[in-house]
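S.K.: Residues per chain, in single letters:
Number of protein chains: 4
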Amino acid sequence: MANMLLEARRELALANRIVANEGIIDAFGHVSMRHPENPNHYLLSRSRAPELVTPEDLIEYDLDSQPQRDPGTGQYSERVIHGEIYKARPDVNSVCHHHCPSFMPLLATGTDYMPIFHLGSVGGIRPPFWDQRDEFGDTNMLVIKPEEGASLARALGKHWMVLMMRHGVTVAGTSVRACVFRSVFSARNAEYQVRAMSVGSDIATLSPGETSLAGQISSKTTGLTRSWEYWSMRVANKAGGLGPVGPAPVRSAPGKAKTSPRRAKAARPKVKPKGARKGRRR
Amino acid sequence: MANMLLEARRELALANRIVANEGIIDAFGHVSMRHPENPNHYLLSRSRAPELVTPEDLIEYDLDSQPQRDPGTGQYSERVIHGEIYKARPDVNSVCHHHCPSFMPLLATGTDYMPIFHLGSVGGIRPPFWDQRDEFGDTNMLVIKPEEGASLARALGKHWMVLMMRHGVTVAGTSVRACVFRSVFSARNAEYQVRAMSVGSDIATLSPGETSLAGQISSKTTGLTRSWEYWSMRVANKAGGLGPVGPAPVRSAPGKAKTSPRRAKAARPKVKPKGARKGRRR
Amino acid sequence: MANMLLEARRELALANRIVANEGIIDAFGHVSMRHPENPNHYLLSRSRAPELVTPEDLIEYDLDSQPQRDPGTGQYSERVIHGEIYKARPDVNSVCHHHCPSFMPLLATGTDYMPIFHLGSVGGIRPPFWDQRDEFGDTNMLVIKPEEGASLARALGKHWMVLMMRHGVTVAGTSVRACVFRSVFSARNAEYQVRAMSVGSDIATLSPGETSLAGQISSKTTGLTRSWEYWSMRVANKAGGLGPVGPAPVRSAPGKAKTSPRRAKAARPKVKPKGARKGRRR
Amino acid sequence: MANMLLEARRELALANRIVANEGIIDAFGHVSMRHPENPNHYLLSRSRAPELVTPEDLIEYDLDSQPQRDPGTGQYSERVIHGEIYKARPDVNSVCHHHCPSFMPLLATGTDYMPIFHLGSVGGIRPPFWDQRDEFGDTNMLVIKPEEGASLARALGKHWMVLMMRHGVTVAGTSVRACVFRSVFSARNAEYQVRAMSVGSDIATLSPGETSLAGQISSKTTGLTRSWEYWSMRVANKAGGLGPVGPAPVRSAPGKAKTSPRRAKAARPKVKPKGARKGRRR
Chain A
0 MANMLLEARR ELALANRIVA NEGIIDAFGH VSMRHPENPN HYLLSRSRAP ELVTPEDLIE
60 YDLDSQPQRD PGTGQYSERV IHGEIYKARP DVNSVCHHHC PSFMPLLATG TDYMPIFHLG
120 SVGGIRPPFW DQRDEFGDTN MLVIKPEEGA SLARALGKHW MVLMMRHGVT VAGTSVRACV
180 FRSVFSARNA EYQVRAMSVG SDIATLSPGE TSLAGQISSK TTGLTRSWEY WSMRVANKAG
240 GLGPVGPAPV RSAPGKAKTS PRRAKAARPK VKPKGARKGR RR
Chain B
0 MANMLLEARR ELALANRIVA NEGIIDAFGH VSMRHPENPN HYLLSRSRAP ELVTPEDLIE
60 YDLDSQPQRD PGTGQYSERV IHGEIYKARP DVNSVCHHHC PSFMPLLATG TDYMPIFHLG
120 SVGGIRPPFW DQRDEFGDTN MLVIKPEEGA SLARALGKHW MVLMMRHGVT VAGTSVRACV
180 FRSVFSARNA EYQVRAMSVG SDIATLSPGE TSLAGQISSK TTGLTRSWEY WSMRVANKAG
240 GLGPVGPAPV RSAPGKAKTS PRRAKAARPK VKPKGARKGR RR
Chain C
0 MANMLLEARR ELALANRIVA NEGIIDAFGH VSMRHPENPN HYLLSRSRAP ELVTPEDLIE
60 YDLDSQPQRD PGTGQYSERV IHGEIYKARP DVNSVCHHHC PSFMPLLATG TDYMPIFHLG
120 SVGGIRPPFW DQRDEFGDTN MLVIKPEEGA SLARALGKHW MVLMMRHGVT VAGTSVRACV
180 FRSVFSARNA EYQVRAMSVG SDIATLSPGE TSLAGQISSK TTGLTRSWEY WSMRVANKAG
240 GLGPVGPAPV RSAPGKAKTS PRRAKAARPK VKPKGARKGR RR
Chain D
0 MANMLLEARR ELALANRIVA NEGIIDAFGH VSMRHPENPN HYLLSRSRAP ELVTPEDLIE
60 YDLDSQPQRD PGTGQYSERV IHGEIYKARP DVNSVCHHHC PSFMPLLATG TDYMPIFHLG
120 SVGGIRPPFW DQRDEFGDTN MLVIKPEEGA SLARALGKHW MVLMMRHGVT VAGTSVRACV
180 FRSVFSARNA EYQVRAMSVG SDIATLSPGE TSLAGQISSK TTGLTRSWEY WSMRVANKAG
240 GLGPVGPAPV RSAPGKAKTS PRRAKAARPK VKPKGARKGR RR
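The listed protein sequences correspond, in order, to chains A, B, C and D.
Note that the first sequence covers residues 0 to 281 in numbering that gives the first Met the number 0.
Note that the second sequence covers residues 0 to 281 in numbering that gives the first Met the number 0.
Note that the third sequence covers residues 0 to 281 in numbering that gives the first Met the number 0.
Note that the fourth sequence covers residues 0 to 281 in numbering that gives the first Met the number 0.
Heads up, some of the hints might be wrong.
[Claimed, not checked] Which chain A residues stay away from chain B? Per the calculated CB distances, all over 10 angstroms, these:
hint : residue
1    : HIS34
2    : GLU36
3    : GLY71
4    : ALA149
[What the hints assert, rightly or not] Simulated crosslink set (DSS-like; lysine-lysine; CA at most 25 angstroms straight-line):
hint : chain 1 : residue 1 : chain 2 : residue 2
5    : D       : LYS219    : C       : LYS144
6    : C       : LYS237    : B       : LYS237
7    : A       : LYS144    : B       : LYS219
8    : A       : LYS219    : D       : LYS144
9    : A       : LYS237    : A       : LYS157
10   : D       : LYS237    : A       : LYS237
11   : C       : LYS144    : C       : LYS86
12   : B       : LYS237    : A       : LYS237
13   : C       : LYS219    : B       : LYS144
14   : D       : LYS157    : D       : LYS219
15   : A       : LYS237    : C       : LYS219
16   : D       : LYS237    : C       : LYS237
17   : D       : LYS237    : B       : LYS237
No lab work stands behind these hints: they were computed from the structure.
Ideal Cβ placement from N, Cα and C applies to all residues, glycine included.
Chain A extracted, bound-state conformation (with noise of 0.2 angstroms):
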């Protein structure tokens, strides 16, 4: 395995960690990347709660959502999300895809999204609505089959994020880290939003100029570096933390996450619940 390709990795399981202590994800919800050494591959947990993932805890799937060799474990259920969305879109590198309780107002009520400080215009101008039943009536309300997923990239057209009514958010970036960004802080907007709905029914939202130009912000580096180094550092230092899965430390042994001692212990989940590599769906 390339040494880039580890670093990818790394930066995926952190990124599913980040976005877990960041609040956005629970036990459910997931980060994937398209895989850096063949654009019609992406990389993706096996089924496990995100704070919980490490590199080796990734699979390789087409963009069928297929994986490349029996994985050997469960899945999750609705990979076709980042397959279908990877197929439509080029110039995504990374999808994101949550129940974030901050959207839970604006998709329980069919509230557009408004940009309302600069940060939030990383969600774009009025990120569009997707309702499942619309085309597929009633479901279990996953994203399973592929003609859903497809269904959903279509409604993604060429925006960064759409709102999933009664189900959640999948966001999409040109890099994981920007996916990262865009997933953090369009969550805070929305929570801002709901809460300044409950002040005035008024709400001052950025102008379209505004938003095209504040939110070339998330396509900087510094922005991505500061927040970055932030998030990471919090995930490190997170008390009673898996310890550190950080980018690069390239110099360690293949496939296996550097943790100081004191942590290295904690690094291993101690309770594995049985079946968890059975291979069941979900």
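Position chains B, C and D relative to chain A; hints supplied.
M.R.: For chains B, C and D alone, coordinates are given in the frame of chain A:
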């Protein structure tokens, strides 16, 4: 004590800690399970905060909520909630009673619970309300008498959750994990619903068909397993936590929770209030 | 110093930390107790944040709020709140003054406190409001003069909680534990009430009979004991906490909180602001 | 480097961590101080999240916000906020710029800040609004150009806080501690005000006289000292925190934060994103 029972007791102690750690329960509230070897008995902690419960704290009760031997310690005064539901519902194997903040706005206004995202389906369609005052007039609001518990069980009927006006919620499940899953995600849904209602009055709920289909998620092993692993890890890693009371390490001495040396000390409460074992009730 | 007094001082220091740790108090606010051996005296910390209070910080005051010896350090400027209530109410043995966020919406709108679940009964039926401006015109809002404290005590009357417009809340109890229990659960109830009011204006409160019956919970030992054990554990286990200042370890050297070696260092504040012991008032 | 300057740098680094730890600032935002020995210069961190700032990260700027030597690293793009205010207001010795969530509902609706409890008086009476769009049309909302900073400083006028529509807040103080005190308690007040407005529209604010009298609290040493000790302790004790960057240990080697051995490792960020020192701006 057989291994299966030992594991069950560990699972139930962990369940108590999980619901506390996830904010469903504070100093009050409790989770019980039907006895795995005797369906006419159930297990419930002695009177102490759920976050502190150990397998050794569990008392065996018959369905009239009488302890099978002198517990020599304080007992929960509201244990009839558990006994009467086990009596009325042979399909229920675990019960959780709580006063989660997320539900309070619904309980204080008599507002129906509405599933507004797929995981909220665990609360079912229009779970019933129960008001102790209707049948028993002014009380101290605690469900202490067998007839009060039986009344609550009747209100629950075939549902899996009953909302207790000006008091709290009682949740049932086919297993401890299913009961915890339902308790946590129904509380998350209630939180989101209340927030949504501050934005608009027209709330999009799951259709009955969606509720039914999505509700089956909670009976599938993968969803339960993924959540349980996540919540267990959060309990185990909690700063200053009591250490893992996880399922399974059957190899450890019976009746002794396995703790890492670093946590061994913390695992016994440093503050043992006098009288805590004097058999008073509440 | 007799053992009883030593224990009382530890209990009061722990009470300060508990109310801080439970979010009732931040840098400001305080908990006092009537002197266990001299009902005409009371104990209150020197001027410092409650979460940092140790038994050694406690100063003995007479009911005119004069220190019994030169404290050689800064004192709380608002200590007349405590002295005047002890003077007016012989049945009160502990007082907590706080600015808990949960109450602020009620204090800013003059909305009555309403018990909306059984534990909210600790606040009583329609606890009175007090507005310093009514009697004293424009002030800096602090209750500093004896006549201001006496006015507040008159407003409290026979109640156990008084709401101070544009300021905070003062809570009384028959014991330190009862006062802490009332402070915490009245704040929880206020939080729930405010959230409920965002859903609907028709709030179901406990009836007077229910309030009275449920209110007796807080005078029963089991409820207090269970909560106290829980809250003490949360203080003791807090990440980076100051270590236990628990009740009782009478065997330790007088005036010295017992701390585990690991915590011994943290137990002394690393940052000792200059002048903190220079006798200034606030 | 003289001891006074060394202490000042430590104080400013700690101030950055405190406002982050108290939730006023996240990855973005910053606190500066006027240079203690040269009133025509000021100190501000290089571009990094405030919670990670060390004394070594501080850069010395002139009032035109030009670094006094090549910093060899990324700088905050919005530093003109600080420079222009120091230029316009000789009585200001510290400035904090933030996007605290508590203020967002006011900033999105143009609702006046109202002091609703005594500590909220730190925000003053009707602090002014500023809208970058008024003078500069569509921008990326960042205050980058000197004329933008100067415009903001004019809006601030003689006040101590200015509300920036669709952006954030800028707070000034006569000292670092006063600025932090004002930043924290104005944010608490904004939070309470917003919550109060969900309960009723008739909000009781401090009278101008009360605001003025209570506002003097923040210029008294005791209140500042008590809060500073509390917030410093919370930073120092934070689980996995970076260790104390406290005031004063002058005995330690210049330019080297004193850390306990246990924390020494954590005190250096484990994750050093590449390029963080490459001189890019944001």
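S.K.: Does D/LYS237 pair with C/LYS237 here, judged by a C-alpha cut-off of 25 angstroms?
M.R.: Between D/LYS237 and C/LYS237 the Cα gap is close to 9 angstroms, so the pair holds against 25 angstroms.
S.K.: Given the hinted pair D/LYS237 and B/LYS237, is their Cα-Cα distance within 25 angstroms?
M.R.: Holds - the C-alpha atoms of B/LYS237 and D/LYS237 are around 13 angstroms apart, at most 25 angstroms.
S.K.: Does the claim that A/GLU36 lies off the interface hold, with its Cβ farther than 10 angstroms from every Cβ of chain B?
M.R.: holds (29 angstroms)
S.K.: So if I understand the rule, the pair passes when the alpha-carbon distance is 25 angstroms or less; does A/LYS144 with B/LYS219 pass?
M.R.: holds (18 angstroms)
S.K.: Are the Cα positions of D/LYS157 and D/LYS219 separated by 25 angstroms at most?
M.R.: holds (20 angstroms)
S.K.: C/LYS219 and B/LYS144: Cα distance at most 25 angstroms?
M.R.: With Cα atoms ~18 angstroms apart, C/LYS219 and B/LYS144 stay inside 25 angstroms; holds.
S.K.: Since A/HIS34 was said not to touch the interface, does its Cβ keep a gap of more than 10 angstroms from each Cβ of chain B?
M.R.: holds (24 angstroms)
S.K.: Would you assess whether A/ALA149, listed as outside the interface, keeps its beta-carbon beyond 10 angstroms of every beta-carbon in chain B?
M.R.: The claim stands: A/ALA149 keeps its Cβ more than 10 angstroms from every Cβ of chain B (closest is about 20 angstroms).
S.K.: Decide if the proposed pair is consistent with the structure: A/LYS237 and A/LYS157, CA atoms, cutoff 25 angstroms inclusive.
M.R.: Distance ~37 angstroms between A/LYS237 and A/LYS157 Cα, so the pair is violated.
S.K.: Please work out if A/LYS219 and D/LYS144 have their alpha carbons no farther apart than 25 angstroms.
M.R.: Holds: A/LYS219 and D/LYS144 sit about 18 angstroms apart, inside 25 angstroms.
S.K.: Holds or violated: are the alpha carbons of B/LYS237 and A/LYS237 at most 25 angstroms from each other?
M.R.: At roughly 9 angstroms apart (the allowed maximum being 25 angstroms), A/LYS237 and B/LYS237 satisfy the hint.
S.K.: Holds or violated: D/LYS237 and A/LYS237, Cα atoms, limit 25 angstroms.
M.R.: Holds. D/LYS237 to A/LYS237 sits at ~9 angstroms (cutoff 25 angstroms).
Of the numbered hints stated above, those contradicted by the structure are hints 9, 15, listed in ascending order.
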